[in-house]
Amino acid sequence: MEVSPVDVKVARNLNTNKNIWNTAKKFKLYYLLILPGFIYFLIFKYIPLFGVIVAFKDISPFQGIKDILTGPWVGLKHFRTFFESYYFWQILGNTLLISLYKFIFSFPAPIILALLMNEISNVKYKKVVQTVSYLPHFISLVVVAGLLTNILSTRGGLLNVIIGLFGAEPIFFLGESQYFRGVLVVSDIWKTVGWGTIIYLAAITGIDPGLYESAKIDGAGRFKQTLHITLPGIASIISIMAIMRMGTILDAGFQQVLTLYSPAVYDVADIIDTYVYRSGIEKMQYSFSTAVGLFKSVIALILVLLSNILAKKMGQEGIW
Amino acid sequence: MILHESKRGLSVYKKVISLTLVCTMLLIAGCSSKDTSTNTNNDSSKSKVIPKVYVYNNSGAMQSGITSNPAKLESIKKVIVDEIGVEPVIIVPPTDVDGAKQKLNLLLSSGEELDIYWGDWQDYAPKKMITSINDLLSKSGKDVTKNISADFFQGMTDKDKKVWGIPRYTPTVAYPVWIREDWLKKLNITMPKTIDELDKALKTIKASDPAGSGSTITMLADLKSLRYCFAGAFTEYGYSNFKDTDGKIKPAQSAPGYKDFLTKMHDWYAQGLITKEAFTYKTTQNVEYIKQNKVAATALWYSRVSLNHGTLNQNFPEANYQIASLTGTKGKAESVYPASNVGLLFSANSKNQEAAMKLMNWYNSDVEHYIVGWAGVKDTDWKYKDEKNHIFELTNPTSKDYAGELNLGLGLFNEAKAATYDPINIKHSNYLKDDILKLERGKKPFDFGISYDMTAVNTAVPNYADITKMQDEQEIKFITGTRPLSEFDAYLSDLNKAGYDKYIAEISKQYTSLTK
Amino acid sequence: MKKTKSESVFQVFDVILMFLLSLIFLVPFLTVLSSSFVGEAEISRRGSFILIPEVFDLSGYKVLLGSNSIIYHAYMITLFVTVVGTFLNLLFTSTLAYGLSKRDMPFRNAITIIVFITMLVSGGLIPSFLLVKYIGLYNNVWALIVPGLISVWNMILLRNFFMQIPESLEESAILDGATPIQILIKIIIPLSVPAIATIGLFYAVAHWNDWYDAFIYITDSQKLPVQNIMRNIVIGASIADLGNEGMSDSVKPPTETIKSAVIIISTLPILCVYPFIQKYFVKGIMVGSVKG
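Chains as they are written, first to last, in this note's numbering: chain G, 1 to 320; chain B, 1 to 516; chain R, 1 to 292.
Any given hint might turn out to be false.
To be verified - A partial selection of chain R residues facing chain G, derived with a Cβ cut-off under 10 angstroms:
| no. | residue |
| --- | --- |
| 1 | Leu79 |
| 2 | Leu131 |
| 3 | Ile263 |
Stated by the list, open to error - Pairs of lysine-lysine, DSSO-like flavour, derived with a Cα cap of 27 angstroms:
| no. | chain 1 | residue 1 | chain 2 | residue 2 |
| --- | --- | --- | --- | --- |
| 4 | G | Lys126 | R | Lys5 |
| 5 | G | Lys26 | R | Lys102 |
| 6 | R | Lys133 | G | Lys127 |
| 7 | B | Lys139 | B | Lys162 |
| 8 | R | Lys133 | B | Lys101 |
| 9 | R | Lys133 | B | Lys127 |
| 10 | B | Lys128 | R | Lys133 |
| 11 | R | Lys102 | G | Lys25 |
| 12 | G | Lys126 | R | Lys279 |
| 13 | G | Lys77 | B | Lys497 |
| 14 | R | Lys62 | G | Lys25 |
| 15 | B | Lys142 | B | Lys388 |
| 16 | G | Lys66 | B | Lys103 |
| 17 | G | Lys28 | R | Lys102 |
| 18 | G | Lys66 | B | Lys127 |
| 19 | B | Lys128 | G | Lys66 |
| 20 | B | Lys193 | B | Lys294 |
| 21 | G | Lys18 | R | Lys102 |
As the list claims (entries may be wrong) - To be clear about the criterion: a stretch of chain G counts as covered by chain B if any three or more of its residues have a C-beta under 8 angstroms from a C-beta of chain B, and this derived list gives those stretches:
| no. | segment |
| --- | --- |
| 22 | 83-94 |
| 23 | 153-159 |
| 24 | 169-175 |
| 25 | 256-264 |
Worth flagging that the hints you see were computed from the coordinates, not collected in a lab.
Glycine residues also receive a C-beta, built at the ideal position from the N, C-alpha and C atoms.
With the sequences and hints as input, model every part of the structure.
Pasting the structure below:
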């Protein structure tokens with residue numbers, strides 16, 4: 001008797017279903033292993049998630065769960081307020097641009113620095129350089145802002161003194177729109193590059209030295225080795241870091257901008273978070289800020305999804 | 001090989017576990033001794049039931065960021081308990097204003113016991129989270145109304161004459177123009193009395209560079225301060241709403257003369273009389289330059305100079321800032337800074353409202369009580385230097401034992417009556433005593449005493465923040481010259497795109513109904 | 001094998017470049033260090049950031065560390081949270097990461113997605129606060145550990161490190177009947193010491209520097225960690241910077257000295273500990289493991 005294609009398909013599906021549950025049984029102990037961690041997420045992340053409904057209500061301030069559950073629904077009102085803001089496109093654009101600049105420059109910087117550090121042959125020197133590179137990570141953003149204001153001042157700040165030696169006029173870095181984003185990016189690199197190398201250096205240690213041995217035998221120099229062994233060896237970590245970074249693309253460094261910006265540079269520096277922060281000073285805007293936060297989450301989700309697909313297409317590990 | 005590795009792994013675990021046990025034991029030891037001590041303290045007080053008033057002290061009294069020595073705090077509390085039979089329990093907020101607000105939100109949302117806290121009544125009254133205190137005041141708060149004039153209560157009263165809290169801030173003249181009189185004397189200039197005289201004085205100072213090596217900063221300023229210091233010289237009501245010829249109530253931006261104000265500020269900026277980086281400086285930079293003997297004049301919040309004058313004099317004893325009372329073509333240059341709607345609010349869930357009012361009454365019944373809350377127990381922590389004028393001296397000025405938790409009487413109505421005898425802060429205490437409440441120095445807002453219903457405003461203009469952003473952003477551009485003043489009218493019509501006309505319609509409507 | 005000429009040139013270039021970079025990282029930090037030892041009078045005269053103080057002055061440190069013995073409790077709290085917290089972090093993170101590193105596990109992707117989404121979406125501050133309160137951890141030191149038990153970011157990184165270990169290494173153990181947890185402890189972790197050390201370092205430094213959790217969950221000032229004590233003292237100045245003028249001016253904001261001293265107090269312990277754990281970042285564990 002002929003077996004129809006439909007039957008075959010059904011049979012195959014039945015088989016795979018059975019296979020899944022069989023395999024699952026084999027992984028029984030693994031499920032047990034991940035159970036505590038998974039429960040943690042369910043309790044501490046998913047239960048509070050009900051709070052997002054505040055974005056669709058008018059609640060500010062309020063008295064406990066009762067208000068969250070019984071407060072008046074306003075649907076998409078807060079979203080509409082946000083989108084209808086005269087400055088919506090400006091702050092969205094600033095946020096994306098600043099994040100993009102940081103992604104282009106701040107993201108690769110630790111990778112390059114890690115590779116350069118890896119090339120240092122003297123172990124003691126390498127350790128000292130590494131430790132020194134972590135120091136900026138521990139200097140708080142407020143103090144960094146103070147240091148920057150000092151260095152960038154047009155009244156004898158170090159950078160402008162150097163510029164003066166070349167005969168140019170002092171530049172008002174923090175107050176002029178064309179320079180401000182540059183200051184953000186460069187100071188961000190300074191603060192984060194050293195600490196960022198840690199994960200990549202850890203990844204480099206995981207590369208089989210035997211690969212280097214065989215490459216050397218084949219006549220490859222250090223540069224070729226870096227290109228063909230080291231980079232591919234840490235490619236999976238780079239791809240994961242890039243994808244996860246997409247999830248924070250709409251943050252753009254709130255604390256950093258807040259400590260450095262002023263109304264003079266609002267047009268290039270006002271980002272979503274600083275705008276919402278100032279709105280919160282006028283009145284208690286709990287629902288509004290939750291709505292904006294939800295908007296950011298949705299965009300982040302989409303971006304992560306897209307970059308995950310892209311990464312897999314490039315043959316790398318994704319988040320899933 | 002694998003076995004060897006696993007042995008090393010296990011020894012790491014052993015180390016970690018033993019370290020953990022040690023720390024846990026230390027912690028338990030530390031914590032339990034702490035807990036018992038505070039418990040015994042509470043139990044040893046009266047066996048009779050003393051009502052406790054839970055106070056979230058976000059009045060701004062606790063800015064040092066440290067908390068008091070528990071024994072010291074108890075000794076001050078005892079004074080209050082003995083005198084009125086009410087025990088204040090202070091919940092200490094984080095030092096920063098935003099953090100304090102967030103923490104308050106958390107306290108309110110979790111139903112923690114809370115009787116009184118500071119905040120803007122317009123945020124809480126519509127949600128029925130606070131109660132109006134007219135009855136409480138007449139029953140248990142007679143001294144409060146005696147000490148704080150009806151004028152000051154205006155910011156806390158709604159259109160139905162319900163009072164929603166004890167005011168915290170009063171209208172003030174808080175934006176004086178401080179000038180270095182010693183430098184003026186050296187240059188043979190008298191203290192300017194008009195905008196034109198100030199103009200000339202600033203130019204002379206800039207040319208002569210009194211601080212030396214080109215480091216003189218002629219005038220420090222920020223946008224808000226420029227508005228409150230100078231707008232009055234160019235507009236009829238200063239930096240305030242006004243009634244336009246079409247009968248509508250409009251913000252200062254639309255006033256005839258506001259453009260002239262911006263033009264003058266631009267002139268000063270272009271000639272370097274307002275320092276180039278003025279609008280990017282935060283408080284710390286301004287204060288730093290003032291203390292370094294570099295600044296000739298300031299158009300800033302008054303305390304930038306008054307609180308740091310003492311430190312300045314330690315290094316430069318001849319430095320002497322004095323206030324310039326200025327007038328312009330339209331009259332007094334300074335605008336009175338209005339009171340806000342912020343005050344001490346009484347929670348609707350409070351179990352002890354009457355006790356809370358009794359507590360506040362105590363602070364307002366005698367200036368000495370205010371001093372106790374500020375400095376501690378009389379004769380132990382402080383004593384009078386000049387009893388008539390309520391000038392007192394701390395017994396141990398450098399002690400950090402008391403951080404001000406019980407300083408609940410904060411408000412200029414009290415601060416102006418008493419002062420620490422602190423030679424360093426003489427400039428500041430004098431300003432509080434003599435100047436800050438002398439509203440005659442400036443122009444009162446057109447709608448002085450009127451509290452607009454901000455909930456209605458926010459409903460009519462959901463993106464109110466856009467208007468303030470545009471105003472700040474564009475006016476700085478006009479002043480620095482990034483945008484030509486010829487575009488001022490275009491700016492005014494741009495404001496409508498941000499909701500300015502809706503705002504005008506709303507406050508005009510409210511003004512009419514509030515003044516019927 | 002001898003280095004080529006271009007490689008030697010590169011080495012020299014690299015060394016010089018690293019030296020210059022180190023200066024750029026070090027000098028600002030040294031400025032903060034020396035500024036922390038400057039007294040109020042000198043700072044008023046010379047400005048906030050001073051590379052070489054004229055007079056050595058410990059007043060900044062006295063303000064911070066002398067603040068009536070609360071600092072002793074604060075250090076105990078911070079130490080406890082850092083040590084116990086990091087240990088529990090690693091425990092829960094590595095078990096979850098290892099389980100999710102098994103590519104063949106059914107529903108693995110679904111579970112990963114469910115966990116990952118929590119990094120992008122949150123219910124907000126107040127619901128989390130209410131939950132912690134409901135559980136009974138309010139004003140309890142454990143609130144500084146349990147709510148932040150697993151960081152998705154750290155977990156995903158660790159998972160990917162685990163995924164790079166060849167399955168062949170586990171196979172013999174599996175055939176011998178080892179349970180997943182035995183494989184994790186005896187094989188995976190020893191092979192992943194750099195990764196575990198890195199993730200552990202991230203958790204530990206995060207605990208050490210964290211003030212936010214205590215800010216939300218702790219009201220008893222005796223239970224605050226060091227960062228909160230420091231932050232409270234410093235923050236007045238920073239927030240005044242942001243233009244909030246409606247505050248009492250009775251207390252002067254502290255100077256840059258105190259801000260700098262806070263940084264030094266927070267950083268120095270970590271810098272002292274780090275050299276001792278640097279050895280765990282050494283490479284070479286994988287040598288011979290495949291062949292062995």
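Here is what the structure says about each hint:
1. Leu79: violated (18 angstroms)
2. Leu131: holds (5 angstroms)
3. Ile263: holds (6 angstroms)
4. Lys126(G) <-> Lys5(R): holds (22 angstroms)
5. Lys26(G) <-> Lys102(R): Measuring from Cα to Cα gives roughly 12 angstroms; hence the hint holds.
6. Lys133(R) <-> Lys127(G): Judged against 27 angstroms, a Cα distance of about 45 angstroms means the pair is violated.
7. Lys139(B) <-> Lys162(B): Distance ~15 angstroms between lysine 139(B) and lysine 162(B) Cα, so the pair holds.
8. Lys133(R) <-> Lys101(B): The given pair, whose Cα atoms are some 19 angstroms apart, holds under the 27 angstroms limit.
9. Lys133(R) <-> Lys127(B): Given that 27 angstroms is the threshold and the Cα spacing comes to 24 angstroms, the pair holds.
10. Lys128(B) <-> Lys133(R): holds (24 angstroms)
11. Lys102(R) <-> Lys25(G): holds (14 angstroms)
12. Lys126(G) <-> Lys279(R): Since the Cα atoms of lysine 126(G) and lysine 279(R) sit roughly 13 angstroms apart, the hinted pair holds (cutoff 27 angstroms).
13. Lys77(G) <-> Lys497(B): Holds - the C-alpha atoms of lysine 497(B) and lysine 77(G) are around 19 angstroms apart, at most 27 angstroms.
14. Lys62(R) <-> Lys25(G): violated (62 angstroms)
15. Lys142(B) <-> Lys388(B): Holds, because 24 angstroms separates the two Cα atoms, which is no more than 27 angstroms.
16. Lys66(G) <-> Lys103(B): Given pair lysine 66(G), lysine 103(B) holds - Cα atoms ~19 angstroms apart, limit 27 angstroms.
17. Lys28(G) <-> Lys102(R): At roughly 12 angstroms apart (the allowed maximum being 27 angstroms), lysine 102(R) and lysine 28(G) satisfy the hint.
18. Lys66(G) <-> Lys127(B): holds (13 angstroms)
19. Lys128(B) <-> Lys66(G): holds (14 angstroms)
20. Lys193(B) <-> Lys294(B): holds (23 angstroms)
21. Lys18(G) <-> Lys102(R): holds (20 angstroms)
22. 83-94: Coverage by chain B holds for the segment 83-94 of chain G (4 residues, Cβ < 8 angstroms).
23. 153-159: Our answer is that it holds, as 4 residues pass the Cβ test (under 8 angstroms) against chain B, meeting three.
24. 169-175: holds (count 3)
25. 256-264: Per the Cβ count (3), the hint holds.
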